[in-house]
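Visitor: Given only the sequences and the hints, what does the whole structure look like? Please build it.
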Amino acid sequence: MNLNQLKLFYLAVKHQSLSHAAQELNITQPAVTKGIQRLQEYYEVPLVHKSGKNMELTRAGDNLFKIAKKIFELDKLADDCMAEFHNKGLKHIKMNASESFGAYYLPEFINRFNLKAPKVQVTLEVLSNRQVVENSINLKNDIGFVSFPVKDRKLNSIEIIKDEIVIILNPFHSLAKKKYLKASDLEGQMIIMHEQGSYFQKMIHDLLEANNVCVTMPITFSNNEAIKKAVEGGTGIAPISKKVAAKEIESGKLVALSLLSTPLYRTFYMIYHREKHISGPLKQFINLIQQ
552 MNLNQLKLFY
562 LAVKHQSLSH
572 AAQELNITQP
582 AVTKGIQRLQ
592 EYYEVPLVHK
602 SGKNMELTRA
612 GDNLFKIAKK
622 IFELDKLADD
632 CMAEFHNKGL
642 KHIKMNASES
652 FGAYYLPEFI
662 NRFNLKAPKV
672 QVTLEVLSNR
682 QVVENSINLK
692 NDIGFVSFPV
702 KDRKLNSIEI
712 IKDEIVIILN
722 PFHSLAKKKY
732 LKASDLEGQM
742 IIMHEQGSYF
752 QKMIHDLLEA
762 NNVCVTMPIT
772 FSNNEAIKKA
782 VEGGTGIAPI
792 SKKVAAKEIE
802 SGKLVALSLL
812 STPLYRTFYM
822 IYHREKHISG
832 PLKQFINLIQ
842 Q
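Taking this note's numbering, the leading residue of the sequence shown gets 552, the next gets one more, and so forth.
Hint data in this document are derived by calculation from the structure and do not stem from the laboratory. Since the model is a prediction, treat every value here as computed from it, not as a measurement. Some hints here could point you the wrong way.
As the list claims (entries may be wrong) - In the SDA-like style, the derived pairs of lysine to any residue whose C-alpha atoms are separated by at most 25 Å in a straight line are:
id, residue 1, residue 2
1, LYS713, SER773
2, LYS565, ILE622
3, LYS793, GLU738
4, LYS793, ASN662
5, LYS667, MET633
Guide: Dropping the structure here:
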């Protein structure tokens, strides 16, 4: 078997594009096509069917793709492992995090880590939960942080932080003088929610449904800062992690009330590939997070 031909096949199927595979390997598209043809000739079995723009795998092709994926994931692991020995003076940790954790929790840990390991370069990319999980599965980061439990056999998922979900209100809102809120207090209120399809939004929907509470949700935002600004302006009320609104609560711009009968908590998880090489600096950071 020719590993170069296998890589052509793997990348073309992975990206569903011959041209994408050619660009990644800096070769021509006909060279990719020829490599896949030779791989099929070697195994004496068809691996792909061309259906319009899509590449549909045969049963043999599907099995080979799964094997190729494991091979090139291990190849990436080997590169990562050896890179640590290649240049001991320069260390690097690549992190992905969901918006809430990346903006409001992680900077504090990075600052503490930087004091202990000033020579380690840390890069943080804030992404959607889904993208963080995908990057972790595909070994495109060293470590990820998400706000929902991940059940994937390729990943280690460790609960690290739990934060109360509170309802934030403008100080002049009719409910702002209460000491706490019951689910029934939300009846008829305009609730500003995070973007559609988020785990957080599902949690709130489940709470309202369980208590037979009807609210209006005409507005959704993709980030926490926009939600806080809208509530400050009197547009409505919003459920949010307490730490996310800590500055505004402390300054008096917002009021935060707990849900008494059914308190909610948002749990954050640290995830990384089970076969990921844990370098010295990465292990040090993981230990810091778990303290």
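Visitor: Hint by hint, note whether the structure agrees.
Guide: Here's how the hints hold up against the structure:
A threshold of 25 Å between alpha carbons decides the hint, and for LYS713 with SER773 the separation of about 22 Å falls inside it, so the pair holds. Restraint check for LYS565 and ILE622: satisfied, since their Cα atoms lie roughly 14 Å apart, inside the 25 Å limit. With a C-alpha separation of about 22 Å, the suggested pairing of LYS793 with GLU738 holds against the 25 Å cut-off. Distance check on the hinted pair: LYS793 and ASN662 sit about 21 Å apart at the alpha-carbon level, within 25 Å; holds.
For the suggested pair LYS667 and MET633, the alpha carbons sit about 24 Å apart, so the restraint of at most 25 Å is met.
Hint violations for this structure: none, all hints satisfied.
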